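K.L.:
Same order as they appear, the protein sequences are chains V and R. Okay, so the first sequence: first residue is 0 according to numbering that gives the first Met the number 0, each after it adds one. Okay, so the second sequence: first residue is 0 according to numbering that gives the first Met the number 0, each after it adds one.
One or more of the hints may lead you astray.
Here are the simulated lysine-lysine pairs, BS3-like style, with alpha carbons at most 30 Å apart [stated by the list, open to error]:
| hint | chain 1 | residue 1 | chain 2 | residue 2 |
| --- | --- | --- | --- | --- |
| 1 | R | Lys139 | R | Lys19 |
| 2 | V | Lys78 | V | Lys193 |
| 3 | V | Lys50 | V | Lys78 |
| 4 | V | Lys35 | V | Lys204 |
| 5 | V | Lys237 | V | Lys193 |
| 6 | R | Lys167 | V | Lys35 |
| 7 | R | Lys117 | V | Lys35 |
| 8 | R | Lys118 | R | Lys151 |
| 9 | R | Lys139 | V | Lys35 |
| 10 | V | Lys7 | R | Lys57 |
| 11 | R | Lys53 | V | Lys7 |
| 12 | R | Lys117 | R | Lys167 |
| 13 | V | Lys78 | R | Lys118 |
| 14 | R | Lys118 | R | Lys139 |
| 15 | V | Lys35 | R | Lys53 |
| 16 | V | Lys7 | R | Lys139 |
| 17 | R | Lys57 | V | Lys270 |
| 18 | R | Lys117 | V | Lys78 |
| 19 | V | Lys35 | R | Lys57 |
What the simulated footprint calls covered on chain V by chain R, stretch by stretch (three residues with Cβ under 8 Å from a Cβ of chain R suffice, anywhere in the stretch; the number is not a length) [stated by the list, open to error]:
| hint | stretch |
| --- | --- |
| 20 | 46-52 |
| 21 | 159-165 |
| 22 | 219-233 |
Non-contacting residues of chain V with respect to chain R, defined by C-beta distances greater than 10 Å in every case (computed) [unchecked claim]:
| hint | residue |
| --- | --- |
| 23 | Gln81 |
| 24 | Ile116 |
| 25 | Glu124 |
| 26 | Glu215 |
Quick caveat, the hints were computed from the structure, so don't treat them as lab data. A quick note: this is a predicted structure, and the numbers were derived from the prediction, not measured. Positions of the beta carbon are idealized from the N, C-alpha and C atoms, including for glycine.
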Amino acid sequence: MLTAEQIKLFIRVLKYNSEYDFSDYAPKSFARRVEKLLEDLQIDFYELIDKIENGDPDFIQFVVNNITVNTTELFRDPKVWQAIRYRILPRLKDNEVINIWHPGCSSGQEVYSMMIILNEEGLLEKSNLYGTDINTEMLEIARKGEYSYRLNVEYLQNFDEVINKNPYDYQHVSNVPYSKYFEIDPINDIIRVKPFLREKAVFVKHNLVSLTNPFERQFDMILCRNVLIYFNRNLQSKVINLFYRNLKYPGYLVLGYHETILDAESMGFFKHGYYFAKKLK
Amino acid sequence: MANYYIFIGGSAGSFQSIVKILNSLPETYNYPIFLSLHRLKHVRGGFVEALSIKSKLKVVEPEDKTVIMGGLVYLAPANYHMYIEVSNTIALSTEEPVNHSRPSIDLVFKSAAYVFEKKVIGILLSGANKDGAEGLLEIKNYGGTTIVQDPKEASVSVMPQSALDLFKPSYVMTVNQIIEFLNSIYI
Chain V
0 MLTAEQIKLF IRVLKYNSEY DFSDYAPKSF ARRVEKLLED LQIDFYELID KIENGDPDFI
60 QFVVNNITVN TTELFRDPKV WQAIRYRILP RLKDNEVINI WHPGCSSGQE VYSMMIILNE
120 EGLLEKSNLY GTDINTEMLE IARKGEYSYR LNVEYLQNFD EVINKNPYDY QHVSNVPYSK
180 YFEIDPINDI IRVKPFLREK AVFVKHNLVS LTNPFERQFD MILCRNVLIY FNRNLQSKVI
240 NLFYRNLKYP GYLVLGYHET ILDAESMGFF KHGYYFAKKL K
Chain R
0 MANYYIFIGG SAGSFQSIVK ILNSLPETYN YPIFLSLHRL KHVRGGFVEA LSIKSKLKVV
60 EPEDKTVIMG GLVYLAPANY HMYIEVSNTI ALSTEEPVNH SRPSIDLVFK SAAYVFEKKV
120 IGILLSGANK DGAEGLLEIK NYGGTTIVQD PKEASVSVMP QSALDLFKPS YVMTVNQIIE
180 FLNSIYI
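So that you can see chain V by itself, here it is in the shape it has in the complex (with noise of 0.2 Å):
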């Protein structure tokens, strides 16, 4: 197991060397993450420190990529999408454009739930989907579309969850099959989004650490689930302060199911069930 005074040392080094400051990730997490780093390297910390030092920018990226945490799924939490389709779109749809922006969209499976239930509501078009990550390697998995059959098969529930019920108006049942968003090859263990949705998305590597908007707009929402876990409580406020000055009025932002702001109301936001309205301060 690493020390703290290891940990400090590593995140020294790599900011440093890079453009990445870690300090303020939760600590404990990070510490696996690096472990786990020197497990799958199978390296010494030490021969890591110096790999690092040697400054190859692919080497760091490589470090980075397997650092983050890269968990995602096609409509996590079915819950959440329907109050984000019947709760938060009813009240976007009369606006001229729609931006939603997705800050750490690991591999993009939300962008494109996004995506999918602005179709089923006739929004698609005047929406704008900004998917970001700090992770190169995700970002160009979120580009392709194209996931692992076995992996996501059991997410497909959700998608019929989210598109074929309405939990607000039972009378409300179809039937939209997978296929009107995905080619589905089973034997080649292969899902992919279509063409339609795929190039309708933006994928840019950002990092959330910089409190920087990387888009000339602000946004009508913002999706950031399962992100602010890995930060400690002093930058979750940045992070979610950021969100606060970009986000226009009305604006939504949507976090993971565990996470919360805390003293929200201080924060500029109200908790309407599973997210986040903008206030006016």
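Add chain R to chain V, keeping to what the hints say.
P.N.:
What follows is chain R alone, placed relative to chain V:
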């Protein structure tokens, strides 16, 4: 700061024992209790309610960075790891499963050992895999108390037996003895 932090890990065959333990503790029980139980990924709701029916203590699924309070039972949310951060808060993570499990018992036990050291009481119940054994050893190494359910009593003995194969815990107990023990340390 509580005198003890109680961490319970269980998998297949442990549900009834957990219910029994929770139902046998008084409502004034002041130590925080943490439950890491393997369960189906998609069964989100219902578990807290099921555990709460007869429990005199409040059972909650914590949010990320929750400050720990005595007298509450914290249940690891489905499909998340729950662990203790160095700032004494409960943290969640979606890192890859450990021992095919998320939540991982090893992970919460190890983080608890590191932060609370000898104040930890780690309890490992029935289960069908070896998750928790290494974590329990870590609790021992940091001076905490370790309890393994008697494999003869456990519905599925693999999990407690894996711990016994690895090291000698402070106690091997039946569920009734565990209840007695937990009540005896509460003054």
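K.L.:
Honestly, which of those hints from before does the structure not fit?
P.N.:
3, 5, 10, 11, 13, 15, 18, 19, 20 and 21
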